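Engineer: Each chain, letter by letter, is given below.
There are 2 protein chains.
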Amino acid sequence: MENFEYLNPTRIVFGKGTIARVAGLVPKDRPVLMTYGGGSIKRNGVYEQTRAALQGFDVREFGGIEPNPRYETLMQAVELGRRENVGFLLSVGGGSVLDGTKFIAAAMRFPGSEPWDILAKRAKVEDAVPLGGILTLPATGSESNGNAVVSRESTREKLAFYSEKVYPRFAILDPETTFTLPPRQTANGVVDAFIHVMEQYMTYPVNAPLQDRQAEGILLTLVEEGPKIMAQPDDYATRANIMWTATQALNGLISCGVPQDWATHGIGHELTALYGLDHAQTLAVVFPALLQHQRARKAGKILQYAARVWGITEGGEEQRIDAAIAKTEAFFRSLGVKTRLSEYGIAEGYDEVAKRIGARGSALGEHGDIGPAEINAILALCAA
Amino acid sequence: MENFEYLNPTRIVFGKGTIARVAGLVPKDRPVLMTYGGGSIKRNGVYEQTRAALQGFDVREFGGIEPNPRYETLMQAVELGRRENVGFLLSVGGGSVLDGTKFIAAAMRFPGSEPWDILAKRAKVEDAVPLGGILTLPATGSESNGNAVVSRESTREKLAFYSEKVYPRFAILDPETTFTLPPRQTANGVVDAFIHVMEQYMTYPVNAPLQDRQAEGILLTLVEEGPKIMAQPDDYATRANIMWTATQALNGLISCGVPQDWATHGIGHELTALYGLDHAQTLAVVFPALLQHQRARKAGKILQYAARVWGITEGGEEQRIDAAIAKTEAFFRSLGVKTRLSEYGIAEGYDEVAKRIGARGSALGEHGDIGPAEINAILALCAA
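Keeping their order, the protein sequence lines are chains A and B.
So the first sequence is residues -19 to 364, counted in the numbering used here.
So the second sequence is residues -19 to 364, counted in the numbering used here.
Honestly, the hints are just simulated from the structure, not real lab data.
It should be emphasised that the depicted structure is a prediction, and the values quoted were computed from it without experimental measurement.
Incorrect hints may appear among the rest.
Which copy? The list can't say, so a pair holds if one copy fits it or any two copies do.
Unchecked claim - List time: in silico EDC-like cross-link candidates among lysine to aspartate or glutamate, alpha-carbon distance up to 20 angstroms:
1. Lys(-4) x Glu28
2. Lys(-4) x Glu(-18)
3. Lys278 x Glu52
4. Lys(-4) x Asp214
5. Lys(-4) x Glu(-15)
6. Lys8 x Glu28
7. Lys278 x Asp349
8. Lys22 x Asp214
Can you make the complete structure from the sequences, with help from the hints?
Structural biologist: If you want it as structure tokens, here you go:
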């Protein structure tokens, strides 16, 4: 096991009927800025529940945060927050609203003139407005971590930052808020959580048996619960299991003391920025191809994954690796998420992905050596 | 899954050579009280490393905190801390020192005249001196939770309290500090962590597949790593795995949304208070007997445990339950921890245990119905 540091100060309030608890968690002394997305919370009752809970609070609103939240949009909220002396940000929505709210929180107190530097130049976040979340879409884990991804319309960039300062103070997870999610978002959430685990698990063995089992536990749960939730979207127990599992997939726990990959996300972000694919769609496309491309170096972990998650124990090593990759892709497809670039109408020109990553001078993967040539080879594997 | 709330704000700093990090984690503005136990930290270099790291800090010391820390001793530290205007408590040692330090932290700011009320009358802890820990014995999980158990010499009581206010701000876990532990303490730590999981797992199914797998992951790791650490006490990788696993066993995570038992601890505390057995020894005695006594009501989980932890899948249900109980007891014995009251020289009179628990008016277990009669039956099962 490698040395590590772990901190996760988010208070989780989980279960049926918990939105009302927000009143005891948000400070009342200054205006609260409630952030949300395209308005689904107004259709499923979450908006009303939240406003009802916050009676007596000085609440301002900022709606319209997009999936893949845009810098241009978020900067309007930063201006509003500063102008209105907002002391707390309350994100009501999924991972995009949370990510956007984290950026607003950091940007509101960013001393420089260009908060984009937090993303593009990795400028350190020294301070942030405190924030909390009411989660309506289990997927990103953003409700209980310090990560955020923001896109910039003008340059078609999609970049990430991390700061301890933007961990939500609390996250309210009421599985009932997810009953009305469209199937595409439900499926995307399962895929997203699955790949989050893979980025932290599917590398090489470092004698960390507990972390491995914690990761495999999440994968197994998603494999079991994923099909159930697609078949019966209003089953509370299954929704609850998916919701808690997605949080555990990216709250920092399973990456303790182990190497991490994140190449799938690195490539995926460019596919979203260039072609507008859903985040999870890009992951479902890239990951099986990445596994194929890295099968020799990841062999130890792929074989363990094959045995423990899919029960694949028969046959030679190459056969078992083939079977594990096939099972993984088939799982995504069984949820209705396509796994080939061609299925999204992307036939050529995707070498732009490698160029952009190369231009930033970064190489990806747990060995830090997935460069433009490897990225092109991976994309060729999932082209058709 | 049941509704739940989860918070764990402790910063974990894990790995080789991390004790020096304490300097960046302890506030420098007021005197720091360093608490420790019987002096083993002076023999294994931890004391010197800590003092060296804290050069320039105003450090006071309070040594001599016992295993099963005593109220009478801790109140001396409370007096010292108040007198010296201590602003931070640094626990250097195992779970007993940590538990004792948590009590000191709460008692120093307790407004009433009798801090024992925190334990005996469950008086609410409204405030506590902040504390941190350098852990030298993986076992109790106290380094990353809000629990503490304190004994009172004069009344032979052993009682627990919980408060969010006494979570350590940080916990430094350097596995090298555990190389020199006596085998008995190493084995006790493995048993303690194992039973901590069982108290949160071995109840009845509530459709919480992730929590089950997280718990089973800890059990499997202890089953695999336990014998290794007894055979090779200075193997860093194994010590690291044991240390992280013990923390995960009682940091609140695996109890999220599931019922909890704690009858084994309830009975065990009395055995320690009355007969002076090590905490883990009491658990190794009581738990197999409790499983036996509760085999019908716990059947669902025992069968799952049998299959997933011990690979027991052949035979009828009763046979598999028998085999799982036998494996559990054999595991404790393989570590050198005895499992029968007679082996500790306790032949009779142990009905005092049930009387004391009964006198407090509490019934134990996940159904809250393990009363004096059941306790006597359980103790009879592990008598000889």
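Engineer: Please go over all the hints and tell whether each is borne out by the structure.
Structural biologist: Evaluated hints:
For the identical chains of this complex, lysine -4 and glutamate 28 are intra-copy neighbours only, at 16 angstroms inside a copy versus 51 angstroms across copies, given an alpha-carbon limit of 20 angstroms. In this homomeric assembly, lysine -4 and glutamate -18 come within 20 angstroms of each other (Cα to Cα) only across copies, at 9 angstroms, whereas the closest approach inside a single copy is 39 angstroms. Taking CA atoms no more than 20 angstroms apart as the test, lysine 278 paired with glutamate 52 passes in neither setting, with 40 angstroms inside one copy and 57 angstroms between copies. With identical chains, the CA atoms of lysine -4 and aspartate 214 are at most 20 angstroms apart within one copy only, with a shortest distance of 13 angstroms there and 48 angstroms across copies.
In this assembly of identical chains, the alpha carbons of lysine -4 and glutamate -15 lie at most 20 angstroms apart only when taken from different copies (12 angstroms versus 33 angstroms within one copy). Proximity of lysine 8 to glutamate 28 under the C-alpha cut-off of 20 angstroms is restricted to the intra-copy arrangement: shortest distance 19 angstroms within a copy versus 47 angstroms between copies. In this assembly of identical chains, lysine 278 and aspartate 349 lie within 20 angstroms of each other by CA distance solely inside one copy; the values are 14 angstroms within and 51 angstroms between copies. For the identical chains of this complex, lysine 22 and aspartate 214 are intra-copy neighbours only, at 19 angstroms inside a copy versus 59 angstroms across copies, given an alpha-carbon limit of 20 angstroms.
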